[in-house]
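Novice: Chains as they are written, first to last, in the numbering used here: chain A, 1 to 367; chain B, 1001 to 1284; chain C, 2001 to 2348; chain D, 3001 to 3275.
Check the hints yourself; a few may be wrong.
[What the hints assert, rightly or not] Some, not all, of what chain B presents toward chain D, calculated at C-beta under 10 Å: (1) 1043; (2) 1124; (3) 1228; (4) 1242.
These aren't lab readings, by the way, just hints derived from the structure by calculation.
All C-beta atoms in this analysis are idealised placements derived from N, C-alpha and C, irrespective of residue type, glycine included.
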Amino acid sequence: MIKKLLISTAVIVATTQMAAAADLSSMSWDDVVTQAKEEGELTWYVWYLTDDLRRAAKTFEEEYGITVTIPEGTMEGNLEKLYADKARKTGDIDVFALGWDSYTSVDLSAMFMPLTALPKDDNRVSDLAGIDAGEYAFAFWGNQTGIAYDPTHITGDDLPQTPKEFAAFWQSHPEKFGFNYQNGGSGPSYYQNILRVVSGADFSDPSDSKEHLAALQPGIDFFNAHAENYVITASNADSITRISDGELWMAPAWEDHLAGLQNRGEVRKDIKFYIPEMGMNGGGNGVSIPLNAPHSAAAAVFINWLISPETQTVFNKEFGTAPMNAAADDSFALIPNAMRKYSTVSPNKPFRSAMEAKFTEEVVQQR
Amino acid sequence: MTARQWITVTLLLMPGLGLIVWLIGTVVYIAFAQSFGLYNINGESALTTAYWADLLGNNIYLRSVRYSTYIGVMSAIFSVVLAYPLAIWLRKPFTGSMTIGSILKAPLLVHGLVAAFLFVNVISYHGILNQFMQWIGIWDGPHRLQNDNNAIAVLILQTWKNMPFALLLLTGALQGISDDVLDAARDLGAGSWARFRKIIAPLTVSGMQAAIVIIFIGAVSDFAFQVIAGPINRQSLAQLMVGYKGRGDWNSAAVVGATMIIVALFGSAILAGLSKIVMRGRLK
Amino acid sequence: MAAINIQKLSKDFSGFKALTELSLDVREGEFLTLLGPSGCGKTTLLKIISGFIEPTKGHILLNGKDVTKVPPEARDTALCFQSYALFPHLSVRENLEFGLRQKKVPALDRKDRIADVAEKLGLGPQMDKLPNQLSGGQQQRVSLGRALVMRPSVILFDEPLSNLDAKLRDQVRLEIRRIQKDYKLTAIYVTHDQAEALAMSDRIVVLKSGQIEQVDTPERLYAAPRTGFVADFIGNANVFTGRVLPQKTPTIWRIETPIGILETGNNAGTEGAEITLCWRPENAEINDDGALGGTVTSKAFQGHFTDLMVETKGVPYRIQTSRTDVNEGDTIGFNVPGPSVILLENAQ
Amino acid sequence: MNRLRLNNILMALVIALAFIWLFIPFVMAVLWSLVDPSQPWTADKLLPPAMSFYRWVNMWQNSSLQPALLTSYTLAPSAAILSLLLAFPTSFALGRIAFPGREVAKTLCLLPLVVPPFITAVFFTALLYRLGLTAWRPGAIIFAHAVVFLPFSIRILTVSFETVRQDHIDAARDLGAGHWARFKAAYLPALRPGIYASLLIVFIQSIEEFAIAFIVGSPDVVTIPVLLYSALGQDYVRPNAAVLSLILVIPNVFLMLFLERLLKSANPTLASGKG
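This is chain A alone, in the form it adopts within the complex (with noise of 0.2 Å):
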């Protein structure tokens, strides 16, 4: 009765279906391209920078004529439909982006279209941070977690690289250090990097048994120790733009979204960024086709253009983005590449989330 009940009211349903995903890596690419400027449209689920990215969007849709739109939501959002369109004949998502360190905890052959029928290229990226998605998905946005730090007041030679030298500069100054513990990954990257080398924990396993979690006790005491000289703040951008107003000297921030915020001119163009030696994580997010996507042509044809060379430069260029294509151009990153050695690998989930409640309930909440 409640299922009759919420059709009857279901006044205005938008989306029309398109036929079935047909079957792309029986034909050739050229046929592939016609077909998908038949399809004319596809939905791009991203959930960041969503309106930068439907302006660089425009390029695609100037030269091939099919239409991009990007819906608000944010990552769990996105995730929720998918599993929920999972279950309907076609669903709604086109091409679905998902942050690399995902794909472990997918199972990418009962999710994904396995993207055969794209044109060779050997430059592309399918296997990063040490998790390989196989033909099921390419990543098309480098991402690199670091310090931001505000260059008047701290030059090159003394920045902190190991804990040791963090907290000696949380003493000496105080509240001039920030870090945020959600909304954003690099708080959580800076942090869970400094437990690592603290407590010298297998960060590799990804079990978040009792033992696993406990060993990060020293690491944990090592920031209740310091709690007065740093400051947690509400989220990525807040971190950014606390250095720009000038209150913070320091803070964890992504390498492409400080790029992105100084090239749009929403803060100061003279921070600088750069990677600790003890490292911290790296990465970036994959896109790849959903079994049911209702566009499957214009969704492979995207792809294509999305990871092509030229506009892997342009992301560097506009986003400051490591581009996902040995043939782009990488010059106008904020980082040397031999800096990018001390990029390391995000651990994986359920441990990595079962760190983070610990770090929320016995740092964050005792403030």
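Given the structure of chain A, go ahead and fit chains B, C and D onto it with the hints provided.
Specialist: Just chains B, C and D, lined up with the frame of chain A:
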């Protein structure tokens, strides 16, 4: 009332009241059911108090309950305490009282989220408040006002948003008191304070209780103000619930939801009772 | 118990002159009624005496003390409101007790005074009820009781009976008068109902547009109204203008009026003078060979008398008679006895 | 008269407070919405160095503002109409028929106001998942909005039904009017202001509603409050948030003022709205 009339009345009530009771009833039922492990979305349902036990021991949850109740009570009190004298002052119309009334009720027109943004904008590191304080020399440098720890920002926002609502209800209640009754009290020797305590307060208790209850429930279940302007190290019940739901942990979200309903009901009952005692001198 | 003197009281509501230069003395223990059409300033005067309105000019003395600037809560007066104004959330007992509490009268004394007033007003069974559970008459009595229990030096009434039905009004009227006498209170009573004024008052003040028209006992006001306004406002009166004719005998004056010539023993002044006079409809005596005559235009039976509208030479007037054989259209003759012709001042 | 002087002082105080409490924040928002990206508005300058409508144009073209406006301004009227239809029979019963337990029914109608909106949002979503109706998000939101705002429409229509004069109905009936004619002649004139007021109030409530739209709707359905919330969240850019705030507030202010005038002509009802 014959049986036929009963049938027509129930049929008439079905689409309106019926749906309300169904939706709210189902929602509350699911909240409590899921908090005990039943009616699960994915996976099997089994009656268990594990979720409650787990959360009742969890520091974040306990702080969240205390924090949301603190916000709820303070917002209700501030809003009503501010609205009361204004309502009494505006009871008798005088030149300009209409404009003052509409100015004071203006915040009702502004959406909560917008209010939060405007407020955060004003108290931001380089906002106008910091600049003004520096300009007149009280502060030597800009102060960090945003996301302050004891949630003064959230309380200011709640009061900014709820005071007009309390004013609306109290003005309505005050209009129920005829001038003659107040003149009679004065004629019998009651000064202005005695008139307030003996006549105005008791007769506006029900209006005030309604205001306190609705504002308290609204403030306890606040999400937007907390997320935008609230302190970092504490979460409101709604924020915690949405957080658990986001991580797919529906059962913990249900426990927090159930707690919110309990706090809302018992809290408002206690506040209503207290306000009656304060205003009327006895609980009758 | 107090005497009140009102000296040159004026009240100007931004242009509208409610009261102008009004002076009045109220004797101790007297039941004085302020009577007049609506808008004549009687309620304004009452509110000034009770302190709710401040006069623009003039003074009020209570027992010789100037209370013009004293606020109502500090003035030894008690007001019974037209709307009763009982406290809706307090029981009858608490309503009666309210004023005593403000004056911090000791508990024992309060109990006695309340019991006394409750017994006098027959409110015993209603003591613990809320006002909305009482009938109109009972509410009125509680309002009266609440004022009486204060034993004020002056008790003020603002048309307290206007919301009661006729039967109840008579009964409560007598009660108020009886209690006022028992407690020997000075009372000022405002009403627009002349029957009430005549029945209850020691003296009546007739007010017209903010000024006193006449102050006197009910009987003299009825018998010797000063102006046409008072004559017609208290009871009914046929008012005419007339010219004095030459006198036949030194003690009889003859006055020519639009309906014929009237003779009276009262000194109407010199021959040819223009004067105003009136006579009461019930004083006319119908008999066939009467000096005056007229045709009956309408007839209204009122129980112990019949009200006749009569017309002579196009001029209408009223006659009340106990005879029941007169019908519409009859032409009747009648006399107006000399003593019942009342001479009025010319100022209308 | 010191009371008059006291009033004037207090009035001046309120106006000054209103200036700080209302006027300054809005001016700040307008200024922030005009900041041109060429030069960020830093602390030392009182006014933004470069002002232009770039932000407004940018938000109009690139952000999902247009779909959000479309969604909001189609969701709201549907919810208003649905709420009106659902409320009609109940209000007729509550307004015209005296049945025992009517007062209990009236208080029960206020249930949605007592249950926190986020509870309704989260566990209505749970219900949708259980029923597998997650594809019907717009319909679900319209349904949820209509039911959650029923207290407003029921209350207004009940009051309107109570103002229908029984003698009008009897007169029409006496003159041989059938059911429909009687409704048109006696009921409709008295109900019309109530119907408009109810439609308008639920419309405004639905436009401003955030909890259900955010939880039930995301990620497919985006209303203006949800868009504003996301702009204030992770990718917080102050000028863009300023633009969205003004877009959300300005139509509402006019709608509320229009409602105020309408209600003055109709009858004093519950015209309060909460963000």
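Novice: For each hint given before, does the structure comply? Return the numbers of the non-compliant ones in rising order.
Specialist: 1
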